[in-house]
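**Q** Work out the full structure, taking the sequences as your base and the hints as a guide.
Protein chains: 2
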Amino acid sequence: MVRTNRSPRLIDVAHASGVSIATASRALSGTPGVSDSVAEKVRQAARELGYVANLHARSLASGSTATIGLVVHEIGDPYFSEIASGVLSLATEHGRTVQICHTGRDPEAEVEQVRSLVANRVGAILIAGSGFVDASVEAPMRFEVQRYAEAGGRVAVVGRHHLGVDSVLPDNRPGGRAVAEHILGLGHRRIVVVSGTLELTTVADRLEGVRDALSAAGLDAGDVPVLEGPFTREGGRECVRRMLADHPRTTAVIALNDDMAIGCLSQLRSSGVSVPGQVSVSGFDDVAVAQDLSPGLTTVRLPMAEMGARALTLALKEPGSRARRQRVPAELVVRDSTGPAAQ
Amino acid sequence: MVRTNRSPRLIDVAHASGVSIATASRALSGTPGVSDSVAEKVRQAARELGYVANLHARSLASGSTATIGLVVHEIGDPYFSEIASGVLSLATEHGRTVQICHTGRDPEAEVEQVRSLVANRVGAILIAGSGFVDASVEAPMRFEVQRYAEAGGRVAVVGRHHLGVDSVLPDNRPGGRAVAEHILGLGHRRIVVVSGTLELTTVADRLEGVRDALSAAGLDAGDVPVLEGPFTREGGRECVRRMLADHPRTTAVIALNDDMAIGCLSQLRSSGVSVPGQVSVSGFDDVAVAQDLSPGLTTVRLPMAEMGARALTLALKEPGSRARRQRVPAELVVRDSTGPAAQ
DNA sequence: CTCCTCTACGAAAGCGCTTACGTAAGCGTT
DNA sequence: AACGCTTACGTAAGCGCTTTCGTAGAGGAG
Chain A
1 MVRTNRSPRL IDVAHASGVS IATASRALSG TPGVSDSVAE KVRQAARELG
51 YVANLHARSL ASGSTATIGL VVHEIGDPYF SEIASGVLSL ATEHGRTVQI
101 CHTGRDPEAE VEQVRSLVAN RVGAILIAGS GFVDASVEAP MRFEVQRYAE
151 AGGRVAVVGR HHLGVDSVLP DNRPGGRAVA EHILGLGHRR IVVVSGTLEL
201 TTVADRLEGV RDALSAAGLD AGDVPVLEGP FTREGGRECV RRMLADHPRT
251 TAVIALNDDM AIGCLSQLRS SGVSVPGQVS VSGFDDVAVA QDLSPGLTTV
301 RLPMAEMGAR ALTLALKEPG SRARRQRVPA ELVVRDSTGP AAQ
Chain B
1001 MVRTNRSPRL IDVAHASGVS IATASRALSG TPGVSDSVAE KVRQAARELG
1051 YVANLHARSL ASGSTATIGL VVHEIGDPYF SEIASGVLSL ATEHGRTVQI
1101 CHTGRDPEAE VEQVRSLVAN RVGAILIAGS GFVDASVEAP MRFEVQRYAE
1151 AGGRVAVVGR HHLGVDSVLP DNRPGGRAVA EHILGLGHRR IVVVSGTLEL
1201 TTVADRLEGV RDALSAAGLD AGDVPVLEGP FTREGGRECV RRMLADHPRT
1251 TAVIALNDDM AIGCLSQLRS SGVSVPGQVS VSGFDDVAVA QDLSPGLTTV
1301 RLPMAEMGAR ALTLALKEPG SRARRQRVPA ELVVRDSTGP AAQ
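As you go down the protein sequences, you meet chains A and B in turn.
For the first sequence, my numbering gives the first residue as 1, with consecutive numbering after it.
For the second sequence, my numbering gives the first residue as 1001, with consecutive numbering after it.
In case anyone wonders, no lab produced these hints; they're calculated from the structure.
You may find that some hints are simply not true.
[What the hints assert, rightly or not] A short list of chain B residues far from chain A (calculated; beta carbon distances all over 12 angstroms):
no.: 1; residue: Ala1016
no.: 2; residue: Ser1059
no.: 3; residue: Arg1173
no.: 4; residue: Thr1201
no.: 5; residue: Arg1237
no.: 6; residue: Ala1245
no.: 7; residue: Gly1320
no.: 8; residue: Ser1321
no.: 9; residue: Gln1326
[Stated by the list, open to error] Stretch-level coverage of chain A by chain B, calculated; a stretch enters the list once three of its residues show a Cβ under 8 angstroms from a Cβ in chain B:
no.: 10; stretch: 27-34
no.: 11; stretch: 256-265
no.: 12; stretch: 278-292
Backbone N, C-alpha and C fix where the C-beta goes; we use that ideal spot for every residue, glycine too.
**A** Have a look at this one:
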């Protein structure tokens, strides 16, 4: 029975090294109960045959997988692709493969994707991206995640609370506070916040931080308009247009992520407003390109790749009795897009 | 034998709907040979039980997978993340999952990743990113890919020739020619090309196009310095520093990708050189952020997401008798970073 | 020398699914 | 009425691995 042109199986390795397939399996997967000499013989045979275990067979038999699932909103978005980069790098080190899903920012698609990852019996699920303030929107997701976790699945989230699982949480609120303090410290008082939809917890948290700073400076947070738009570059452009129309005397724009900030810069430039001469602009996230913009974007740095890696680390660890939380510090990075308030 | 807290299996669905597991399997996977009424009954039962097929069992039994593997150099890089975005979106529509590997631009890691995808028995492999001019570097990859393809695997590549499989090839050379013609048309003659390593075919092709245009304009291509550096923003900065030192009278920089162009803009700005007043800069790729830079980057648009989607489409199709090639047009996009040559 | 305990290994039972093959029933021919 | 053909379904043999359980042999204790 010659199987030409097929990849060798465990049984081929077993035959070649003169042991049973049970022993071969143990030798190759490092399970104890095999003498060193036999184990080495088996490994040698495997190498010579070019044997690679069939993952599906292994998963089916063992009931667990080396694949980990990563859910992001949009992989084309630098915020998420940098997180993914961190996850991928670490996963590769651990010999694990990563299956990425993106949801197009649709909460229903998100639940759908998680369900499909569960169905695929992935070993762990990582969920990146903001949750929703509204608990009822969050409920199906929470349900799905909990069920998976209770069945022994490992889950970790980044930048998302309230899911009752291990999480890596950036200091959104302190970050918001820091950037607002910076703006205030430059003398700005006619400020506008450019924000993604307030339904996102990330947005809400950052905004909260901004308000903390405003109150601390004795301002009424109600005096600072919050312009809401899509959490994208186009959203930033749109908000700046509204700002120029409705709040023409504004001297500083606090955008709640870099994407929007980039859109703001773009629109201000096309509208002939100088930055930071007439209007200062700040962002949030510090995506890679932020430092190369003109002017360089003042923003709050979040170590995205590291956050991804830490989430993976959490998911790989033994589950704790309760959900762990890792805070990730947010660091203000001052560049050229902010300057003293024009008089 | 009650299996509490475990997901239902095919046999549970079969029992619930009063058929054999073979019929249940056929009904759920759409294999012909089941009457409509029975099929509907089975699907109904599956829905009620919340049944989802175990992918591993299915793959093991059928010998094929719904997973497709995508190899990129660096998922954090917009060029690749936009391709990945296209692949993911289309894959989701097809009910397929995508496993992404990134290689950190290391040719050996690349082969390693492909090997591991093969081991995982993925249904198709997509490889994005430039190949190497040097055939001997390319050989192991070619070998691996061919072996997989011969064993019935489906492979498609984007932006890479010489692998002997279906490919989606951007018009790098015509694109290079177009952007160089644009620069020449603006009156520039003291031009510098800022380039990634010449070992990459992508770089070589684009450069070829640039030279075509130079020759056509009656210039000696040898007169135009080619500054080589890493194919990244930092590489762009570095090359500009060299340019300012060695070729101070340059009026135009043709960067061979947007990343480098962004680095060029950044360095020129910090060096106090105005763009496009003193020096014009062009890029290549048209990553999403290019339009929002200041000045907006003149570049050559490649529809990355579409390229990814097309590669997937090729891989999903029945294999042809010979490798198919799809050319993707490159379109010059003129923005504000290029202007008339200063006298 | 016997009995017991370990250790190293083999036999074999699945993991949950697909699919080749077998068969019974229905239908049209002659 | 006998025959073949088609359709709809069931039976059972795997897919390639892990893991439980059983056992032979080595070694120590009495």
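**Q** It remains to establish, for every hint, whether it holds in the given structure.
**A** Right, here's what the structure says about each hint:
| no. | hint | result |
| --- | --- | --- |
| 1 | Ala1016 | holds (18 angstroms) |
| 2 | Ser1059 | violated (4 angstroms) |
| 3 | Arg1173 | holds (26 angstroms) |
| 4 | Thr1201 | holds (24 angstroms) |
| 5 | Arg1237 | violated (8 angstroms) |
| 6 | Ala1245 | holds (21 angstroms) |
| 7 | Gly1320 | holds (21 angstroms) |
| 8 | Ser1321 | holds (19 angstroms) |
| 9 | Gln1326 | holds (21 angstroms) |
| 10 | 27-34 | violated (count 0) |
| 11 | 256-265 | holds (count 3) |
| 12 | 278-292 | holds (count 4) |
Comparing the model with each numbered hint stated earlier shows that hints 2, 5 and 10 do not hold.
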